[in-house]
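Quick note on the numbering used here: the sequence shown kicks off at 554 and runs consecutively.
Don't read these hints as lab results, they were simulated from the structure. One or more hints might be untrue.
[Unchecked claim] Beta-carbon label-pair distances, calculated as ranges:
hint, residue 1, residue 2, range
1, A804, G591, 45 to 55 Å
2, P599, L673, 44 to 54 Å
3, D666, V765, 51 to 61 Å
4, I958, G593, 24 to 34 Å
5, G993, T871, 41 to 51 Å
[Unchecked claim] Simulated crosslink set (DSS-like; lysine-lysine; CA at most 30 Å straight-line):
hint, residue 1, residue 2
6, K977, K991
7, K742, K716
8, K739, K716
9, K991, K742
10, K1025, K991
11, K934, K991
12, K977, K934
13, K934, K1025
14, K739, K977
15, K1025, K977
16, K991, K739
Every residue gets a Cβ at the ideal spot worked out from N, C-alpha and C, and that includes glycine.
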Amino acid sequence: MRAHLLNNTTAEHYRSTVSAGVERVAATLAATERPFSGIGVDELSPVVDAIDLDRPLGDAAAALDELGEVYLRDAVYFHHPRYLGHLNCPVVIPAVLGEAVLSAVNSSLDTWDQSAGGTLIERRLIDWTTERIGLGPAADGIFTSGGTQSNLQALLLAREEAKVRPEHFTRLRIFTSECSHFSVQKSAKLLGLGPDAVLSVPVDRNKRMQTVALARALEQCVAEDAVPMAVVATAGTTDFGSIDPLPEIAALCEQFATWMHVDAAYGCGLLASRERSGLLEGIAHADSVTVDYHKSFFQPVSSSAVLVRDRATLRHATYHAEYLNPRRMAEERIPNQVDKSLQTTRRFDALKLWMTLRVMGADGIGELFDEVCDLAAEGWKLLAADPRFDVVVQPQLSTLVFRYIPSGVTSPEQIDRANLHARKALFASGEAIVAGTKVGDRQYLKFTLLNPETTVHDIATVLDLISGHAEKYLGDSLDRAS
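All chains should be modelled from the sequences, with the hints used to inform the complete structure.
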């Protein structure tokens, strides 16, 4: 069994085994013609369940053959130009190279004596990002597993900076737009706040937070002797890609002495854009910012960070353990990243971004993100001119929310069912993947465009497929009714 351990004596075995895996994946990618096979859970589950994990195959080639049947053949491939579903991006090759290196070396980024150079690389990338945001010389941050964890840590810091005793946590309030990410509510629950802690602020017709409504809500909060703990502004909402008016929100946060957090998990790609960085005007005033490099920086999952204006606030996540990071290490200025993190053992995910910047540069990343934003603008024109569809808002980033409207059908419920069916049928066909959401009480469809290889022709083709599936469903419904 020692032959399977990666060390100096097994380097050649490592090389040949991993090379075989890379060849298998490369061959699969080259042959992939659809984003999904269309397999159903009832068909695939028995195949996976039938594998006896207590009877190893003993051979990597055999395991790869089996993996082809239970995973690679039926994986959802985000690199395909007709994957238009969730906030999943195709990944750049330098980042995949970084993933291979970090997995093999297996550094743990919690303490200096487990990572050394990895610690310094992560810190340099945090500084690079805070410089791009404009948070100032006292800024700092830490890599996390994703936007949900980043938002949780930011709101933990906000809670502690509010200086309210635990028995009075029910007085704390968080303000965020009605289009913000669900992790805000989830974080409030995990942080022990009251059920009414998160107050939803209405949005305008472009799905951006209404600052007049925010001001009114903050005033009412103070009048009721509650504590405005934080305002969460969103720079790129999940459904619409909308960016809240950050300068106005920053002014209100200063007026009410409230922590300003910007969830830029999606919109962080603008930090690398030469064309659209102005859309993030005002983000420099934030107390904390969430970025997801694994969305608009084209990085493999996971790669995210939470950044703060004042590094001193990170002390609220600091605990010292004698076996790991005793207090004397801080006094000796030994850089232990666990001092800033909610996690202990933590992957060297920063290496992926490091390799990307060293090969492509920030402008290269920004060009890719600008391409998908340009594509969304073209897609919006296509939808706006097509009488079969109702498109909700003109995109700021790369998301389009729309709804198929059949001619001659007036029942909103029937239109809802037609749109739900079209999405499900399209997924089952494997020809394309789109997402869905609700606008008000109605069912809508969503294109999340993060692949520069996607074309306007792809969008038009998928719209025709959606229309065809919806029309067939409505026709079958009429046949059944008659």
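Cross-check of the supplied hints:
no., hint, result
1, A804 x G591: 45 to 55 Å, "51 Å, holds"
2, P599 x L673: 44 to 54 Å, "49 Å, holds"
3, D666 x V765: 51 to 61 Å, "53 Å, holds"
4, I958 x G593: 24 to 34 Å, "29 Å, holds"
5, G993 x T871: 41 to 51 Å, "44 Å, holds"
6, K977 x K991, "15 Å, holds"
7, K742 x K716, "18 Å, holds"
8, K739 x K716, "21 Å, holds"
9, K991 x K742, "24 Å, holds"
10, K1025 x K991, "22 Å, holds"
11, K934 x K991, "22 Å, holds"
12, K977 x K934, "25 Å, holds"
13, K934 x K1025, "26 Å, holds"
14, K739 x K977, "28 Å, holds"
15, K1025 x K977, "13 Å, holds"
16, K991 x K739, "20 Å, holds"
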